[in-house]
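Enquirer: Chains as they are written, first to last, in numbering that gives the first Met the number 0: chain D, 0 to 809; chain W, 0 to 145.
In short, the hints are calculated from the structure, not lab data.
Note that CB positions come from ideal geometry on N, CA and C, so glycine has one too.
One or more of the hints may lead you astray.
[Claimed, not checked] Facing chain W, according to a computed beta carbon distance under 8 angstroms, are these residues of chain D, among others:
1) Gly20
2) Arg178
3) Pro180
4) Val346
5) Ser347
6) Leu350
7) Leu483
8) Gly484
9) Leu485
10) Ala527
11) Ala529
12) Cys533
13) Ser539
14) Leu541
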Amino acid sequence: MDDLLADFVAETREMLEASEGEIIAWEADPTDRARLDTIFRFVHTVKGNCGFFDFPRLASLSHAAEDALSDCRAGRREADSALVSAVLAVIDRIVEMVDIIEAGDEIPEGSDDALIAALGENSDLAAGEIDGLSDLVGAVEEVAAAIESAEDGAVEDAAEGQEAPRAVSQNAGVQRSIRLPVDLLDRVMSGVSDMVLARNDLAHRLRQAGNQPTIDGPFERLTTILSDVRDAITRMRMQRIETLYTALPRLVRDLSADLGKQVLIDLEGGDVELDREMIETVRDPLTHIIRNAIDHGIEEPSSRLSKGKREIGILSISARQSGNTISIVVSDDGDGLNEERIAAKAVSVGLITAAERASMSRDKILQLVFEPGFSTAETVSNVSGRGVGLDVVRDNLERVGGSISVSSTPGVGSMFTLKVPLTLSIIAGLTVEVGDQRFAIPQSYIEEIIDSTSKSLDFTRVGETALITFRGNRIPCLSLAEVLGLPSTDIAEGEHTMVLLRLASGDLFALAIDRIHHHGDLVVKPLAPAVMNCGVYAGSTLLDDGQPILLLDVTNVAAEHGLVSDARTRVLQAANQQDQDTDEALSRAMLFTDYDGRKRAVRLELVQRIETAKAEDIDISPDGKRAVIDGVILPLVGLPEGQKPTGKIRFLRLSDETCELLYAVREVDDAIELQNALKPVEDDPLVEALTLVDGQTIALIDGHEIFARYGEPPELTSKPTCHLPDSDWARTILGPLVSAAGYEVVSGSDEAGDIAIVLDDSEPDTSLTEGEFIRLRSQPDAANNDGSIYRYDRDGLVDALRRARAGGTR
Amino acid sequence: MNDLMVMVEIAGRRCALNAHDVSSVIELGVVTPVPRTADFIAGITAMRSQSLTVIDCRRALGLDPDKFPTDHRGAVVTIANHSYALMVDRIDDINTATSEVENVSGGFGPEWSRITTGMVETSTGPALLIDLALLIAGPESLEAAA
Chain D
0 MDDLLADFVA
10 ETREMLEASE
20 GEIIAWEADP
30 TDRARLDTIF
40 RFVHTVKGNC
50 GFFDFPRLAS
60 LSHAAEDALS
70 DCRAGRREAD
80 SALVSAVLAV
90 IDRIVEMVDI
100 IEAGDEIPEG
110 SDDALIAALG
120 ENSDLAAGEI
130 DGLSDLVGAV
140 EEVAAAIESA
150 EDGAVEDAAE
160 GQEAPRAVSQ
170 NAGVQRSIRL
180 PVDLLDRVMS
190 GVSDMVLARN
200 DLAHRLRQAG
210 NQPTIDGPFE
220 RLTTILSDVR
230 DAITRMRMQR
240 IETLYTALPR
250 LVRDLSADLG
260 KQVLIDLEGG
270 DVELDREMIE
280 TVRDPLTHII
290 RNAIDHGIEE
300 PSSRLSKGKR
310 EIGILSISAR
320 QSGNTISIVV
330 SDDGDGLNEE
340 RIAAKAVSVG
350 LITAAERASM
360 SRDKILQLVF
370 EPGFSTAETV
380 SNVSGRGVGL
390 DVVRDNLERV
400 GGSISVSSTP
410 GVGSMFTLKV
420 PLTLSIIAGL
430 TVEVGDQRFA
440 IPQSYIEEII
450 DSTSKSLDFT
460 RVGETALITF
470 RGNRIPCLSL
480 AEVLGLPSTD
490 IAEGEHTMVL
500 LRLASGDLFA
510 LAIDRIHHHG
520 DLVVKPLAPA
530 VMNCGVYAGS
540 TLLDDGQPIL
550 LLDVTNVAAE
560 HGLVSDARTR
570 VLQAANQQDQ
580 DTDEALSRAM
590 LFTDYDGRKR
600 AVRLELVQRI
610 ETAKAEDIDI
620 SPDGKRAVID
630 GVILPLVGLP
640 EGQKPTGKIR
650 FLRLSDETCE
660 LLYAVREVDD
670 AIELQNALKP
680 VEDDPLVEAL
690 TLVDGQTIAL
700 IDGHEIFARY
710 GEPPELTSKP
720 TCHLPDSDWA
730 RTILGPLVSA
740 AGYEVVSGSD
750 EAGDIAIVLD
760 DSEPDTSLTE
770 GEFIRLRSQP
780 DAANNDGSIY
790 RYDRDGLVDA
800 LRRARAGGTR
Chain W
0 MNDLMVMVEI
10 AGRRCALNAH
20 DVSSVIELGV
30 VTPVPRTADF
40 IAGITAMRSQ
50 SLTVIDCRRA
60 LGLDPDKFPT
70 DHRGAVVTIA
80 NHSYALMVDR
90 IDDINTATSE
100 VENVSGGFGP
110 EWSRITTGMV
120 ETSTGPALLI
130 DLALLIAGPE
140 SLEAAA
C-alpha cells in the first residue's frame, strides 16, 4: 500500500471518529446545521479523495450520500429518521470498505443500489431495505473480523515519542500512535516486574550490609527511576473505559430503532482506567448485556406508558473502581427479570428439580440465567438471540478472574453487575507468617494491625465463632491457620497478632496470624487454575529472596465464612458508625508505661507517631538527651537519669505543630477515652491531672509544661549558617569545627551566612552576612586588641560561635 | 513418528513427554506448599522470576508417591499459558519416538488411560505418551467423569 493510500485511510478514519457522535446528535435534532455540515464534510471528503483512486463503489456511495445531505442543507428536504438511518448505513459501508483497503485487499464486487435507493426521497422502503442488507453487512463484518485476527491481536498504543514515522502510520489510527503486539507489552511489563524484584533483592542485601553512602545514593536514584518506569508501563497498559463507551450510544440507537423502542443511554465513570486487555474482554459481555436489556428488558413505548412509566427507557452504565476490582453496573428501568419464567425454564431443561425450585430464593433463581443452555426469549430475535447465551458471558468473565451477577425487581428494572480485576500486577502488600509459611495480603484491605501484646484486645469465643473486642466493637475473627487448614501453632488463642481487614462492602473482620513479616511492593503473578479454584488465593508473588508465596483472596475468604453482609445490614452499620462519630468528641489519650514502670497517658492530639530507634541513635550530653529520627535531631525526655539505654527504644513523637519532642516509653498500651473526671495535681508540674482508667490511676502528661521545658523546633530547620573564607584550611580544618558547633557551612561569594568568619586582615565583606563577623588571626599573639581569635584557640572560637548563635537566634 | 520425547519415569512406569511441550528441566528448590488445594499440587516454586505450580505426577494419577523415588529435578511445561513443574520419579533422556501413537487393546488401566493418548515405541522400549492437560486435571476429573 503506498503512502497516498495510507494517508487516505488514516484521514477517513480520523474524520469518521470525529463525526460518529455528530451523527447521533444530528438525528436527535435534524435541524442542527453545524452537525449536518460536519457529516456532509466527511462524505464530501471521502468522495473527493476517491477521485484519486479507483474505488468506484466508494465513490458512488459517498456521492449518493452527499447528494441527499446537500438537499437537506439547501432546505429542499427534511432530515427524517429514515434518512439518518440510510446515511449511517452508508457510512458503515464506507468504513468496511476502508478496512478492506487498509488490509490491501480488493473491494469485492457487489451492489450498493439498495443503500443508495434508501437515501432517495420518500423511500418508505428504506428501513426494510436496510434490514435486508444486514446479511450483506454481516458478510463484510466477517471480512473485517478476519482482518482483525490477521493483525494478530495487535492493540493500538499511544506513542510517547514525536511524529511517528510514516511507514508505521500505515496501520496508524487517528492520533500519533503505533500498534504493538500485546506480547511485546507483556514482555516489557514482566521485565519491569523482574527489575522490581531484583531491586528488592538488592535493597535487602544493602540493608544487611549496613549504610554505604557511595552505594545508597545511586541506589535511591535507581529506585526512583524504576518507579517512574513502572508507572509509565502501567499507564501504557491502561485505558480509560471511555474507549469502550464511545461505541455504545450508536449501538443503543441502532438497537432501539430496530426494535421500535426508545432508549436513553446514561454513561458514568468513563474516567475509570482499566487494563487494555481487560477492556477487550469486557467489550463483548457488555454489548451482550446491553442487547439483552434493550431487547428483553425495556418495554415498547406504549406498554411503558400504560404502566405509568416514561415512554423513554433509561439504560445506565456506570463503572467504579473499588480496590483491585472494577465494577461495571448495567441497569435498565424495564420490566425486570421474570422469576417464574426463569424457574419454569430451568426446571424444563433439567437445571433444577421442582423440589429444589420451591426452596430457592428469588435471588438464587435469577442467577440461573447464567447457566449453560438458558434463554428465556420465546422468539429468537436477530438482536439478542445469536446463539451466545449469558453462560458464555459468565465464562468469559470468569476466565479473567471476574464475575457477573444480576438483581432485579419485577416491573421496575434489572441490574447486572460485572466485576473484573484491574490486573495491576504490582500492588502494595503485607507479608504475614503462620507457622513457618508466609502469605501476602493486599494492603488495600488492611485497616489496622493490632499487636499481640496490646492490652486493648479482648478475645472471646461465642460458640465456635471467635470474636475480638477492639475499641468497644466486637469484630468476627478468623484464624488464618484454620482458614488454610494448617496445624495450629504453639501461640495461645488470643495471643495472635491481628490484622483488621475491611472489605469493599464495608465489613470488618480480623485475621489472626502469628507474625508480621514485612510490607512492600509485591509483583503478583497469576496462579494455575487448579490452585485458583480453591478460592483462597488471588495470585502468587516472589519475596526478596526469590521464594514464592501466595497472595490471599481476602474477599473470597470472608465470603466463604459468611462475613460479607447484605445491603440491609450495611445500612444499619452506617447508622452505627454515625453514632460513634458523635461520641468521638470525648477526648482521647494514648496510654503507655514509662521507663519507671508507671502508667501514664498523653493526649492523643499531641501524639504524632510511634517511633522506634536504636540505642546508638541516642546522644546523652550534659544539656539534655537527643535522638536522631529520620535524619532530624529531636529532644528526648522520659529516659531515667544516668542510665545508658540498650537495644531498641520506643518513643512517642509529640508535636505542638512547631516543636517536636520524643517521649521514651517502655510499652505503648492503647488509645483510651478520658471518660472520668480529671483531678489536677499540684506537686508535679509535668502532670496535668490524674484520672481513672479501668480503675487504675493514670497520670496525664501536661502538654504545655513539657513543651515549655523541653520543646525545640527540629534541629534541621533551625541551623544557622556560617560563611567561611574560600581556602583549603577553612574548608578542611575550620569547617568541621564550625559544623560541630551547630552551624551549616556556606562558602563562595554568592552565598550569605547568618554570621561569617574572616581571616587576618581581609576586609569584612558585608554582602556575606548581616550578622556578626568573627576574625581569626594566624599569630598566637594579638598585635593589637582587635577582638580577633587565634585560629587554633579552639575554646575561644567555639565560645565565639556559641555567643554568635545565641545572639542570632535571640 | 520421529518426534523427540523426554523420557521420564512416573510411579515406576516409563512415560514419554513430547519434547515440544517441555521448555526446560530445573532443579526443584524450595517448594512452597499450597494449603487447601488438591493433594497432587505439591506447591509453587520459582523459576527466575516466574512462579511455577509443582504437580506431583504420581498423585495426579491417584497413586502414592512415597512408594517411589523422587527426582530432584522437575520438567517445566506450559499448558494454557500457565507454567507447571512436573515432579516425577526420574527424568531420563531425550529419545526419538520410532512409532506412531498406538493404542493397546484392553487399555492401560483406568488411572493411566485417563492421562495418556497412547503408547509410543522408542529406542529404549515402549512408553506411555502423557497428555499434559489431562494430567494436570488431577484424579478428581476421573471421578467426576465416572
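Enquirer: Which numbered hints does this structure break?
Expert: Hints 1, 2, 3, 4, 5, 6 are the ones this structure does not satisfy, whereas the remaining hints hold.
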